[in-house]
Amino acid sequence: MDFSARQIADFLHGEVIGNEEVRVSSLSKIEEGKPGTLTFLANAKYTNHIYTTQASIVLVNRDFSPEQTINATLIKVDNAYNSLAMLLNLVEQAKPKKKGISSLSFISPGSTIGENAYIGEFAFIGENCVIGKNAKIYPQVYIGDNVTLKDNVTLYPGSKIYEGCIIGNNCTFHAGSVVGSDGFGFAPSADGYSKIPQIGIVTIEDNVEIGANTTIDRATMGSTYIRKGVKLDNLIQVAHNVEIGEHTVMAAQVGIAGSTKIGEWCMVGGQVGFAGHIHVAAHSNIGAQAGVSADVKSASSLLGAPAIDFKDFARSNVVYKKLPELYKTVSMLQKEIEALKSSITK
Amino acid sequence: MDFSARQIADFLHGEVIGNEEVRVSSLSKIEEGKPGTLTFLANAKYTNHIYTTQASIVLVNRDFSPEQTINATLIKVDNAYNSLAMLLNLVEQAKPKKKGISSLSFISPGSTIGENAYIGEFAFIGENCVIGKNAKIYPQVYIGDNVTLKDNVTLYPGSKIYEGCIIGNNCTFHAGSVVGSDGFGFAPSADGYSKIPQIGIVTIEDNVEIGANTTIDRATMGSTYIRKGVKLDNLIQVAHNVEIGEHTVMAAQVGIAGSTKIGEWCMVGGQVGFAGHIHVAAHSNIGAQAGVSADVKSASSLLGAPAIDFKDFARSNVVYKKLPELYKTVSMLQKEIEALKSSITK
Amino acid sequence: MDFSARQIADFLHGEVIGNEEVRVSSLSKIEEGKPGTLTFLANAKYTNHIYTTQASIVLVNRDFSPEQTINATLIKVDNAYNSLAMLLNLVEQAKPKKKGISSLSFISPGSTIGENAYIGEFAFIGENCVIGKNAKIYPQVYIGDNVTLKDNVTLYPGSKIYEGCIIGNNCTFHAGSVVGSDGFGFAPSADGYSKIPQIGIVTIEDNVEIGANTTIDRATMGSTYIRKGVKLDNLIQVAHNVEIGEHTVMAAQVGIAGSTKIGEWCMVGGQVGFAGHIHVAAHSNIGAQAGVSADVKSASSLLGAPAIDFKDFARSNVVYKKLPELYKTVSMLQKEIEALKSSITK
Chain G
0 MDFSARQIAD
10 FLHGEVIGNE
20 EVRVSSLSKI
30 EEGKPGTLTF
40 LANAKYTNHI
50 YTTQASIVLV
60 NRDFSPEQTI
70 NATLIKVDNA
80 YNSLAMLLNL
90 VEQAKPKKKG
100 ISSLSFISPG
110 STIGENAYIG
120 EFAFIGENCV
130 IGKNAKIYPQ
140 VYIGDNVTLK
150 DNVTLYPGSK
160 IYEGCIIGNN
170 CTFHAGSVVG
180 SDGFGFAPSA
190 DGYSKIPQIG
200 IVTIEDNVEI
210 GANTTIDRAT
220 MGSTYIRKGV
230 KLDNLIQVAH
240 NVEIGEHTVM
250 AAQVGIAGST
260 KIGEWCMVGG
270 QVGFAGHIHV
280 AAHSNIGAQA
290 GVSADVKSAS
300 SLLGAPAIDF
310 KDFARSNVVY
320 KKLPELYKTV
330 SMLQKEIEAL
340 KSSITK
Chain X
0 MDFSARQIAD
10 FLHGEVIGNE
20 EVRVSSLSKI
30 EEGKPGTLTF
40 LANAKYTNHI
50 YTTQASIVLV
60 NRDFSPEQTI
70 NATLIKVDNA
80 YNSLAMLLNL
90 VEQAKPKKKG
100 ISSLSFISPG
110 STIGENAYIG
120 EFAFIGENCV
130 IGKNAKIYPQ
140 VYIGDNVTLK
150 DNVTLYPGSK
160 IYEGCIIGNN
170 CTFHAGSVVG
180 SDGFGFAPSA
190 DGYSKIPQIG
200 IVTIEDNVEI
210 GANTTIDRAT
220 MGSTYIRKGV
230 KLDNLIQVAH
240 NVEIGEHTVM
250 AAQVGIAGST
260 KIGEWCMVGG
270 QVGFAGHIHV
280 AAHSNIGAQA
290 GVSADVKSAS
300 SLLGAPAIDF
310 KDFARSNVVY
320 KKLPELYKTV
330 SMLQKEIEAL
340 KSSITK
Chain F
0 MDFSARQIAD
10 FLHGEVIGNE
20 EVRVSSLSKI
30 EEGKPGTLTF
40 LANAKYTNHI
50 YTTQASIVLV
60 NRDFSPEQTI
70 NATLIKVDNA
80 YNSLAMLLNL
90 VEQAKPKKKG
100 ISSLSFISPG
110 STIGENAYIG
120 EFAFIGENCV
130 IGKNAKIYPQ
140 VYIGDNVTLK
150 DNVTLYPGSK
160 IYEGCIIGNN
170 CTFHAGSVVG
180 SDGFGFAPSA
190 DGYSKIPQIG
200 IVTIEDNVEI
210 GANTTIDRAT
220 MGSTYIRKGV
230 KLDNLIQVAH
240 NVEIGEHTVM
250 AAQVGIAGST
260 KIGEWCMVGG
270 QVGFAGHIHV
280 AAHSNIGAQA
290 GVSADVKSAS
300 SLLGAPAIDF
310 KDFARSNVVY
320 KKLPELYKTV
330 SMLQKEIEAL
340 KSSITK
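Protein sequence lines, in the order shown, are assigned to chains G, X and F.
Numbering-wise, the first sequence is residues 0 to 345 according to numbering that gives the first Met the number 0.
Numbering-wise, the second sequence is residues 0 to 345 according to numbering that gives the first Met the number 0.
Numbering-wise, the third sequence is residues 0 to 345 according to numbering that gives the first Met the number 0.
No wet-lab data here; the hints were simulated from the structure.
Errors might be hidden in some of the hints.
Same chains, same label: a pair holds when it works inside one copy or across any pair of copies.
Restricting the straight-line Cα-Cα distance to at most 25 Å, the calculated cross-link-like pairs of lysine-lysine (DSS-like) are [what the hints assert, rightly or not]: (1) K135 - K194; (2) K132 - K96; (3) K320 - K334; (4) K321 - K135; (5) K310 - K132.
Chain G with its partners taken away, still in its complex shape (with noise of 0.2 Å):
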């Protein structure tokens, strides 16, 4: 890429203040900006980094009101996130794309592919599967017997999907995720557990993206599902017969137990641990590394292990950081309340 001010704040519908002329081939951080990039400030966080910035440009909010002297040149827009959004876009589409399917993959008979397909190298396609159009199997990817892709599906190298499971269009698997491995079920006895063998399959509908090495569990019977829309960041465990609604988002390393339903529109903070057999109604929030033992009502905001409302959570946080002070007082307290005692008696 390299554009002037002025052509990048025209596709933007954006203002110029300062040089229209400088020109920008790439984009960087505020923090890290050099002379001939574009960079961008959404984050009041960052706000004291547009003074100093040796980037170019700074695409800004249209309320921003400079309080020195800004050596870049601004783009004033509605929303700095988003048009920052556009022109990764703009950045991503123009890479080269993978096509064709190698030799050196293996798809097995009976399976069909859609049109315009890249398979590459050590890839492996089972029996009856139909992969839709566009899709994008990267190296020593793993799809099942009878697995369905719909289209414009990308899989990353060294994902998985087990047989049978079923993907929705425009889906995204990140390197080493797995999709339909067993649940964890076994049936104790004197003599050790005996396997309950896993029979149903994992449907992930469309929009959906999935974090490197996150692992989804297939049902015992019926199936697990990932419904239209939901992001999962990496090192997520879903377990069988789980269900995560429309539009959740999670972010790494969360745990979810067997047959427990999410709702649609959550987001879940990192390291968070779900019970089994719960229910997560929607639009709730639940902060990072909080352990959820029992249902949530709609548009929670939680927090703690066991996971309690969050401003609730934040009261008792301040006083477990006092409690030596207070078991001091308390003891105090005893001792006068003595005092007073045997002085009255007296």
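Dock chains X and F against chain G, hints included.
Quick look at chains X and F alone, frame taken from chain G:
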């Protein structure tokens, strides 16, 4: 499968309540039951679904007595969950089995492969390995040099066994699991950390199942041990020189630091962490997200971080939620005592 | 190996106490020591084993003085653990080394491979890569386009480096590790989340070791940085635009959210979580399972979630366990004060 209630009851030594001739062709969960499917009721939490399920047959425990009319045919058995497991096994066994050694796999010279093995495409087997009977080695599996697999071992796609490790009979490894990676051993100096070579191995005994993307490090010297019958869920970390005792089961994302020994028949919840060099005695029960930093006595039940007896944890946690109120009460008492003291002094 | 106590002591500049002629052929842990093996005592926790070990030779620190008779020959050295590391290195170096480029690997045109490389079966190397000297690329490794590996890099089976990433000298990546997967960046709208393309890279400096199934995301713009000498254990998550300072070490299952900077020479326990956009200063020590949600001063030692000074955590935690008792005491005091007040009023 296509069976009548009568045929299934005979197979399970159960008793039919209702239409003996109704037929089913698949299994379902009770809340998703459809006509033509068989379901089960084992967890009392799901009892209300039995009155509305559309499933044609429901397996129930012998002591179940309905409180309303049920449309489905019931089959009463000694243990509904175990009976379900028997039916799931029937379905599982009817699935076609993978066979043969792919010409696209690579087997190093000097390794021997037992009878009836399946070795999938792009699987790699190193030098001097001994692979037992009925091995199922899926595509893209890696087996390093000098590995021993006893009989009936299943390695799902992309699972990896580093050199020298020993795997018992009837073990299963899910996709992306890693056995025998280097333990995390480094010696500090003023210039940085130098690696301590990890020259030991991992020994996995019979009837072990290892979840997707779980990692088990090789010993510095000697062996990391996973004893017979252990079941580990997904994304678990087992550090060098750890020993997990027979028939212990662990839910996803547990982490065990180096040289810790876990006894037999323990149950460990998700996301639990164990410090290094400790000993957790047999039959212990460690609740989800606990942090175990010291030795644990036999048959303990622990919760919390640092982990304490689960009843103590529950009691402290009740008060934790009331801390702001407790703090206020103590402040008020302090004032009242001051008032009392001055009233007495006057 | 087969050496006498005399030979080993000479190599380590140590002093023999006991039979100089006793010979050993392998290494063992002190509690599992067998005749013909050498073991070591570095952690005082294991001292009692030295009186019963069957090992033929024990490395001990010079200041060790036995309290009972010891059957084994002792070799006294300045630092028993460092001396053990020297012997482990000897054993490691004696192992046969992998060599040559497999005809079953795939190397894209335009990539250059340095001298003395090992490239295993089903490994994939993309376009325009520069692979340095002495690379050890195990089977099923994936290296995307435009990746640079400097010299002496080891990639264990199934590790994956996405396009454009830069890897320093002497780095090691364990099985299933992922470098350069997309950062978790999505812009919300009423219809769902849209992906923010992640056009940055990951830069890994010299002497870094990355554990099995650990994931390191590429930057949105610019680079995620892992500075020289960093050691990361298994199953760790490093989000986009994170920077980990030189010689910082992290135990397994740590998670670091986006744009957070960790200083140099920090030590981080297992399962710790770091919030995004924070700065942890150098030489900090973060205990296992801590949750770090704000900036951390240099040389801090933190514990708990939210993390506080470890001594404060210990003090509060002592009282936490006594909360039920404290609660009762306060209730009782409340009653006594009521009684005092009425007795005074009368």
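Status of the hints after comparison with the structure:
1. With identical chains, the CA atoms of K135 and K194 are at most 25 Å apart between copies only, with a shortest distance of 17 Å across copies and 35 Å within one.
2. Only within a single protomer do K132 and K96 lie at most 25 Å apart by alpha-carbon distance; the minimum there is 15 Å, versus 30 Å between protomers.
3. Proximity of K320 to K334 under the C-alpha cut-off of 25 Å is found in both arrangements, the shortest distances being 24 Å within a copy and 22 Å between copies.
4. For a Cα distance limit of 25 Å, the shortest separation of K321 from K135 qualifies neither inside one copy, at 56 Å, nor across copies, at 54 Å.
5. In the homo-oligomer, the alpha carbons of K310 and K132 never lie at most 25 Å apart, since the shortest distance is 48 Å inside one protomer and 57 Å across protomers.
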